[in-house]
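A.B. asks: So the chains spell out like this:
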Amino acid sequence: MISKEAEPSGGRIWGYAAALAALVMVAILAMWIPEVQGGGQVHLTWNWAPSLGISLGFLVDGLSLIFALLITGIGALIFLYATGYMGDHPQFGRFILFLFAFMLSMLGLVLARDLITLFVFWELTSVTSYLLIGFDHQNPQARRNALQAMLVTAAGGLALLAGFVLMGTAAGSYDLAQILAGPGLQDSGLYGGILVLVLLGAFTKSAQFPFHFWLPNAMAAPTPVSAYLHSATMVKAGVYLLARLHPVLGGTGAWAATLTAAGLVTAVMASVLALRQTDLKTALAYTTLMALGTITLFLAGGSPYALTAAISFLVVHSLYKAALFMVVGAIDHGTGTRDVVLLGGLGHAMPLTALAAALAGASMAGLPPMIGWIGKELLYAGSATLAPSALVTLGVLVANALMFAVAGIVALRPFWGAPGDPPHAPHEACWQMLAGPLVLGGLGLIFGLGAGLLQPMIGAAVTGSLGQPRAAGLHLWAGVNLPLLLSAATFALGVVLYLRRQSLRGSIAALLERLPRFDPGWDRFLDHFRAFCTWQARLIQNGRLTHYLAASFAILALSLGLTLILRRPVLLPGLAAPLPVWVIAGFVTAGAILALNPHSRISNIAGIGTVGIGVALIFIYFGAPDVATTQLMVETLSAVLFGIAMLRLPGIVERRTKSQQWRHAALAGAVGLCMTLIVLAVTSHPLDRHITLYFEESSYLLAHGLNIVNVILVDFRAFDTFGELTVVLLASIGAYAVLKRRSARVRR
Amino acid sequence: MNSLILTTGARLLIALFLVFSLYVLLRGHNAPGGGFIGGLIAACGLAIHAFASGVAEARRALRVDPRTIGVLGLVCALISGLMALPLGAAPFAGIWAEVAGYAISSVLLFDIGVYLAVVGGILTLIFALEETL
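Chains A and B supply the protein sequences, listed in that same order. 1009 is the number of the first residue of the first sequence in my numbering; add one for each residue after it. 82 is the number of the first residue of the second sequence in my numbering; add one for each residue after it.
Derived from the structure by calculation, the hints contain no laboratory data. The beta-carbon is built from N, C-alpha and C at its ideal position, and this holds for glycine as well. Any given hint might turn out to be false.
As the list claims (entries may be wrong) - Here are the computed distance ranges between Cβ atoms for each label pair:
hint, chain 1, residue 1, chain 2, residue 2, range
1, A, Ile1660, B, Trp177, 54 to 62 Å
2, B, Pro172, A, Phe1595, 14 to 22 Å
3, A, Met1039, B, Leu168, 20 to 28 Å
4, B, Arg144, A, Glu1732, 20 to 28 Å
5, B, Leu168, A, Gln1544, 47 to 55 Å
6, A, Arg1749, B, Arg92, 29 to 37 Å
7, A, Ala1676, B, Arg144, 40 to 48 Å
With the hints as constraints, model all of the structure from the sequences given.
C.D. replies: Okay, structure coming up:
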């Protein structure tokens, strides 16, 4: 065992390398900004599986470029942050590998131009997310939560695949660019199925009610992962999909009703639950749910205001939430706790972290002049266009006020007031950990003051990708209007909620006691599922050869019998045969009767061998020496193998009951009868010789061989033979492994 | 199995079996025979050896583990199949050439691969059964 100090910490270099690589990607993507803002699209296509109509295509437009820039930009800062946060971890290199793989999958997802490509990247993000949540693999809770996230999102992914196949059928193409350029699928007969399946995929990924429970559990991941996957990027994949497909699926009553209901319930419920948490990271996890719900809610609409609000809020949220997660990680790192009750007055010891927290927190609270303020104003402006507007506006108001209070708890409370009681004396974070939150918090301020900076990009997404005639304007000051009044109400309500948070926590907890909880239900569901799997495995895979054989033969008899009944072939039993054939037939029958002896294995083997040799004799009689020799050799060898295996077994003891014996006899009789009738039916037809003639003619001309059987084996059908060789070898190596393992066990 | 008759007879028979199996392998393209039958005959011969003198003795006589022989056969077949690719033909198409008046081909290599794979596969099974049961 190597002690932890002796582990090389050379993993840090990979953190820096990954950050640099992500920065290069930002630069490459940034080169497309002017073209995309001008309303253009960039297409990159590689024909992947032309026979299936699937291509590996990438599409860069307003929507995907916003996502791609967020993914790579925040990714670069996260890699840097992770290097400071856990660069000494013995498996840091592996961590960076997972995180980088995730970044590439996510990038592929948002840039994919083909539905199948998109699906593949979608599943890759689920898999990499599983690896990252379960990174602390010695902790059973982390493993369980990773599996939960994986199962929920992968099950949604399967629904999504089915939805994509339906979409491809309805639209006649898997090419996203073609589907988006088409007339839309709202009038297709498959629309209902597509909508349900695609929404299942999107809602599980973006943790919408009732699939929200996995996201707070995913906080078992190291903080850089939470900051990256579970706030800024992966959970936004579902929202991305909703936005991407909005032009072809949106605009119907079902779309609006489902998204409004799921989004509103998620947003309000999550913000209430967020207020209750004292663990900073879990509180942030619930506010992420709130943001995802809000974006889903606004994607329900079809007006420029609602969609501009959705896209803007998405950008706003990614900026401040990633920053706040990093701040919480820095607090955890600097003090050893994330419990807000134990924290206070950290502003002196951690001034730069406090500054970053203040910037990001102000944006989250929606205070001017941050970008969060503009985002919130747009939400209010957009909520008026959604139906039922009064209810939506009220829900958004409550959620925003709660966000305000939670922003106070996360960004204000730990840094001001009386010093708390953390496990160790607080210290400032290193520069790698400060860069991320400061840059992102600063960007919130810059984009707020220069509100026009984001306008062209968001405009390109709203007009280009979402097909709206125009985008709403991003303004710091839009005059005295309804949104302004609602903002004032938000702040007032938020302050009240912040001050009364202690008593509110108690009442929310009391309320939750009475509601059914999701996690125990999930565990029960998994337990039942496992029990079901065990039950069906016991039923089908019961390990008794007799049962397997009986099942195989029953199916054989059934399929042959059904064919006979359905097709009713003409049977012409021609009994005229030369004497030698009759003699051979008698020989075979005698062998079959010998094989039936229930008391002696040697006579079973001899009987089967006799039948085989009789068949070989028939081959010889009809002039097929090749096949006859092979048959003879195979019979000899199988008699040898049977002999070795069976003669060393204990004597035959009959364990079957009388009724089982009768059933087996009936089954054997049925198989024999069906097989006989089928053979008679086949031989009643005149033989089709055109394949034989082809081989007779071409064998020498094309393959330079006179022995047709051999030429077919090694030349015409060489690939088949190669497959058969592989099977023969694998089967015997498999048998070898089973035998050797068994003998090793017996010896022990 | 301790039988003087079998042990003595096996010594004569095994050589006969192996030579005959090669003969069958090589004539296979134009006359009854081929890699599959040849492989079965060779496997029969070696199986007799294993019964007469024991598996340990048969393994020694074989020198190479039968699994290796089988995989070698598979590799031969694969190589002969891939030989066509650099020449622009479809995989597993026969390639023919004439050396010193004899026509040789990738098909022959394929047939040798079949022979080896069959010998290796069957002997793996027979030896394992003999040793463990």
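A.B. asks: Could you tell me whether the CB distance from Leu168/B to Gln1544/A stays inside 47 to 55 Å?
C.D. replies: Check passed, 52 Å falls within 47 to 55 Å.
A.B. asks: Quick one: are Pro172/B and Phe1595/A within 14 to 22 Å, going by C-beta?
C.D. replies: Given a distance of about 44 Å, which is not inside 14 to 22 Å, the answer is violated.
A.B. asks: So the hint says 40 to 48 Å: do the beta-carbon atoms of Ala1676/A and Arg144/B match that?
C.D. replies: holds, 46 Å
A.B. asks: Does the Cβ distance between Ile1660/A and Trp177/B fall inside 54 to 62 Å?
C.D. replies: holds, 56 Å
A.B. asks: Indicate whether the distance between the beta carbons of Arg144/B and Glu1732/A respects the range 20 to 28 Å.
C.D. replies: Distance hint for Arg144/B, Glu1732/A holds at roughly 27 Å.
A.B. asks: Are Arg1749/A and Arg92/B spaced within 29 to 37 Å by their CB atoms?
C.D. replies: Cβ of Arg1749/A to Cβ of Arg92/B: about 34 Å, so the range 29 to 37 Å holds.
A.B. asks: Met1039/A and Leu168/B, beta-carbon distance inside 20 to 28 Å?
C.D. replies: Since the Cβ atoms of Met1039/A and Leu168/B sit about 45 Å apart, the hinted range of 20 to 28 Å is violated.
Checked against the numbered hints given earlier, the structure breaks hints 2, 3 and satisfies all the rest.
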